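*Asks:* Kindly produce the complete structure, drawing on both the sequences and the hints.
So the protein lines, in turn, are chains B and G. Count the first sequence with my numbering and you get residues 2 to 368, in order. Count the second sequence with my numbering and you get residues 33 to 606, in order.
Rather than coming from a laboratory, the hints here were simulated on the basis of the structure. In this text, all values refer to a predicted model and were calculated from it rather than measured experimentally. Please note that a few of the clues may not be correct.
[To be verified] Taking lysine to any residue and the SDA-like style, the derived pairs with C-alpha atoms no more than 25 angstroms apart in a straight line are: (1) G:Lys-216 / B:Ala-307; (2) G:Lys-99 / B:Ala-307; (3) B:Lys-74 / G:Lys-99; (4) B:Lys-74 / G:Asn-355; (5) B:Lys-74 / G:Pro-236; (6) B:Lys-193 / B:Arg-230; (7) B:Lys-74 / G:Met-348; (8) B:Lys-74 / G:Ile-554; (9) B:Lys-74 / G:Tyr-199.
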Amino acid sequence: MKLSPFALIFVVIGVPALLALGYIFIRGSAGLRRYIMTRIALTLPMIFILASLVFFVMRVLPGDPVSSALGPKGTPELIARVRTQLGLNDPLIVQYGRFLRDVVTFNFGNSLTGGHRPIVDEMSERFPATLELVVPASILALLIGVYGGAFAAARRKRATDYALRLYSVVIYSLPIFWLGLMLQLLFGVRLKVLPISGRIDAVVGTSLKHVTNIYAIDSLISGNWNALRSVGLHLVLPTVTLGLILSGVFVRLTRINVIETFQSDYIAAARARGIRERVLVYTHALKNALIPVITLIGLQVAILLAGAVLTETVFSWPGMGSYLVERISGRDYTAVQSVITVFALFVALISLAVDIIYSLVDPRVRY
Amino acid sequence: MKRRSTFSIVSLFVLASMLLVACGGQATPAATSAAQPTEAATAMPEATAMPEATMAPTTIVIGTTDKIASFDPADAYAVRDWEVIKNINEGLLKWKPGTAELGLGLATAMPDISADGLTYTFTMRDGVKFGDGTDLTAQMYADELNRLLTIGPDCPNGVAGALATPYVDSITAPDAKTIVFQLKTPVAYFPQILAGAPYTPADPSSFPADACTLFPEAPIYGVGPWFVSQFTAGEQIVFEPNPYYNGELKPQVDRVIVRFFSDPQTMALAVQNGEIDVAWRFLGTDLIGQLKSVADLTVGTISGGSIRYLIINHTMAPMDDPNVYQAVAYAIDRNAISDTVFGGQVEPLYSMVPPGFIGANEAFDTQYASPDLDAAKASLAKSGYTADKPLQLQMWYPPEHYGAETASWMQVIKQQLEATGAIQVDLQAQEWSTYVTALTGGDSYAVGVLGWFFDYPDSSNYLDPFVYNGGEGTNVTTAAEGSDTGTPINDQAKQLVDLLMQADTETDQAKRADLYGQAQDIYADMVVSLPLFFNAEHVVFRSNIHGSDQYASPDTLNIGPTIEFNYATLSKSQ
Chain B
2 MKLSPFALIF
12 VVIGVPALLA
22 LGYIFIRGSA
32 GLRRYIMTRI
42 ALTLPMIFIL
52 ASLVFFVMRV
62 LPGDPVSSAL
72 GPKGTPELIA
82 RVRTQLGLND
92 PLIVQYGRFL
102 RDVVTFNFGN
112 SLTGGHRPIV
122 DEMSERFPAT
132 LELVVPASIL
142 ALLIGVYGGA
152 FAAARRKRAT
162 DYALRLYSVV
172 IYSLPIFWLG
182 LMLQLLFGVR
192 LKVLPISGRI
202 DAVVGTSLKH
212 VTNIYAIDSL
222 ISGNWNALRS
232 VGLHLVLPTV
242 TLGLILSGVF
252 VRLTRINVIE
262 TFQSDYIAAA
272 RARGIRERVL
282 VYTHALKNAL
292 IPVITLIGLQ
302 VAILLAGAVL
312 TETVFSWPGM
322 GSYLVERISG
332 RDYTAVQSVI
342 TVFALFVALI
352 SLAVDIIYSL
362 VDPRVRY
Chain G
33 MKRRSTFSIV
43 SLFVLASMLL
53 VACGGQATPA
63 ATSAAQPTEA
73 ATAMPEATAM
83 PEATMAPTTI
93 VIGTTDKIAS
103 FDPADAYAVR
113 DWEVIKNINE
123 GLLKWKPGTA
133 ELGLGLATAM
143 PDISADGLTY
153 TFTMRDGVKF
163 GDGTDLTAQM
173 YADELNRLLT
183 IGPDCPNGVA
193 GALATPYVDS
203 ITAPDAKTIV
213 FQLKTPVAYF
223 PQILAGAPYT
233 PADPSSFPAD
243 ACTLFPEAPI
253 YGVGPWFVSQ
263 FTAGEQIVFE
273 PNPYYNGELK
283 PQVDRVIVRF
293 FSDPQTMALA
303 VQNGEIDVAW
313 RFLGTDLIGQ
323 LKSVADLTVG
333 TISGGSIRYL
343 IINHTMAPMD
353 DPNVYQAVAY
363 AIDRNAISDT
373 VFGGQVEPLY
383 SMVPPGFIGA
393 NEAFDTQYAS
403 PDLDAAKASL
413 AKSGYTADKP
423 LQLQMWYPPE
433 HYGAETASWM
443 QVIKQQLEAT
453 GAIQVDLQAQ
463 EWSTYVTALT
473 GGDSYAVGVL
483 GWFFDYPDSS
493 NYLDPFVYNG
503 GEGTNVTTAA
513 EGSDTGTPIN
523 DQAKQLVDLL
533 MQADTETDQA
543 KRADLYGQAQ
553 DIYADMVVSL
563 PLFFNAEHVV
573 FRSNIHGSDQ
583 YASPDTLNIG
593 PTIEFNYATL
603 SKSQ
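*Replies:* Below, the structure is given as structure tokens:
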């Protein structure tokens, strides 16, 4: 049986997640087990409510996918026939029931515009692209945020501290499309060192065998180093754009937490023992200061996905964000509600994972 | 200590990787770089005669912001879809590259037309094969075309209902080389319709006879110069030469890749830095203006078929009053719209039929010499509208569908109409799908903006749709059962319908041009709709990309007024 890339992604992410959950259930405390069960129980109705909300809001908003696609050349007879074929003339409750069935079976049905392809197929192509963008962007945001914040805290009230604080405010305030455009103009057009669009060079892309649709992994699997290099190059500008924008808030949070940790007795004791300031900051203080940062990661996932929508548009990155924008403008109800459901599921899973990690890294946390 | 080291190493690795990648040299490998064989290319039958020089395939990358909606000839009804289909396929007739002249495709000669104009007989050329080596027989071709008539009407994009079933009664193949079309009524422009993508033979291995197949698995073969070897949705389509193609348009390069962009600005930057070789549809007028000054880039301008106009609803007040719609026609200054909003990059349009099409004239300029504010005021005064008692006019437009600048030029029109002193305009925007249904339905808006791109390049396609059967909301006729044209609302409308119907069947081109000339004069007098301007199409390409001097319009890569882009005429120098 051929596994779709979308299913493969869920296997890749879902299986380790299930194993981790299994481990926690066996080895974790009773409180933690209860907490996880409660969270899962709450996540399901949350997704149900969100998906239902999107379903009804999309239908209340003005616009119709068939008229939108056919334009002035769509005769009333043709519009009526296509609407019937797509099930849009069925009673709303029937459409809602069909939608819920599709969500539960992870089928999602067919899109209403752009060729009426199965949405699972379309998301199989788009979701991996978004993952490939947001994962390195998150890592970059964390690296800059955590090290930048700790560095600022270690040099409190000095020029570097002020500079980093200014950076964090300015970078957080910048519109993503503006930063992306500036980077494109500088590195793509003027210096010509980096590509400014797409996931892989058009020519090199023809040699890539698609397995997971995460191009970095696909090029590694097939040993296609030329493709890997091209994928890496194409990742730089979108990753840096999204990563820099997200890093601002991490810089501020890490800085303030490291400064607070400096007031702790154990830091004073360590300092008294003659431990070097650098070790004190980056090992002792930073470790404890990171706990609130982990919480923030969970909260930032939704912002990350929103940022990905803009980044994907600016860099013509064919991910879920640009797909969502495209389908909203075409009033493709089924595609929009499916994408939002998957986003919600993704955010819920990450939040759950963050809570679990939080309990593991901070032994004081009890559920 | 160990954890700190691990964290540091991981951090350093990530940063170093990004640095290495960033300093890795030229971002875009030359498009001529050796690439590994594609999946489809490796599946090519051994009997093919592929070019030997496969070590460094020459590739041209074309960027577009268009989307693909269907590969199926029985369904596709969009410019980009047709471009793909017509590059991988060929019909009996086709447009000569760079012109609006009909030439021979699979046919050996222009058709024999019966005296009653109902039967078109074609003879197919020998040795026509699909890209996988399958022979195309006349019977197979007829079967494929009958697929358009049988399953086409059930396909979602509606091309069969527009370009096949209203005209064609049957398609038969009496022998191995002959195809016969039996029409329902004589149609003078049927050869033009035949040159469209729906009349190309679909490959039965990709497009089954009993179902619309919008996105078959690649490779997708036709009998044209190319085949689709790869399709990655949302990213790119890869074309490779059809090794069995025996027609005139032999590919000059080893591969063409059409790459999709979600943002015109990004596509403009990509053609500047060489990621793509050609940017084709759509770059806004502001981006075109910027790219004209960039070294190494050529901007080719094609007087295209995309027009903008106001739909005037003749059965809805106040536009049911001839004095009112003629006053609007007098007040409009098309040059001001072009200069103020588009920096002179669009052309004023004085008839629904753009220049270059059969019988095209400038009837609106002749009759109204607009702007003529005095004539507009006088016309309004006849209906009692003055500065003291101005006409209240609500005008509608879709804010996004025709570009963000629509709001700007609607504002200019509002100012022009209000300059009469006797009109007060209330501009209203509406989301596209609601808007288009309401406007063309003919019972919601008195005036609204619409755009049009031809289905086949003929004057009939710029006039008939706005007159017959409700006319896209103009309501100069009302749809009537059993009638192909609908019932005209008055004598002038009847005269117009009669002229257009005569022109539809007239095969003498001089007489036909005269009929369209008369029809445009009446059209302007009635202000059935009010033409505003036509958008030229722009193709932007790098200095090493060339069109063919063998064909017309090499300076626009042989893209002519039909807006057909034949990738086979493209070449690339080092």
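*Asks:* Against this structure, judge whether each hint is valid.
*Replies:* Each hint tested on the structure:
A hinted pair counts as satisfied when its Cα atoms are at most 25 angstroms apart, and G:Lys-216 with B:Ala-307 does not qualify at roughly 55 angstroms. Taking the CA atoms of G:Lys-99 and B:Ala-307, the gap is near 23 angstroms; set against the 25 angstroms cutoff, the hint holds. Taken as a hint, the B:Lys-74 and G:Lys-99 pair is honoured in the structure, with Cα atoms around 18 angstroms apart against an allowance of 25 angstroms. For the proposed pair B:Lys-74 and G:Asn-355, the alpha carbon gap of about 30 angstroms is over 25 angstroms, so the pair is violated.
A distance of roughly 28 angstroms separates the Cα atoms of B:Lys-74 and G:Pro-236; the hinted pair therefore is violated under the 25 angstroms criterion. Between B:Lys-193 and B:Arg-230 the CA atoms are separated by roughly 16 angstroms; this keeps the pair inside 25 angstroms, and the hint holds. A C-alpha spacing of about 22 angstroms is found between B:Lys-74 and G:Met-348, which places the hinted pair at or below 25 angstroms, so the restraint holds. A threshold of 25 angstroms between alpha carbons decides the hint, and for B:Lys-74 with G:Ile-554 the separation of about 24 angstroms falls inside it, so the pair holds.
Between B:Lys-74 and G:Tyr-199 the CA atoms are separated by roughly 17 angstroms; this keeps the pair inside 25 angstroms, and the hint holds.
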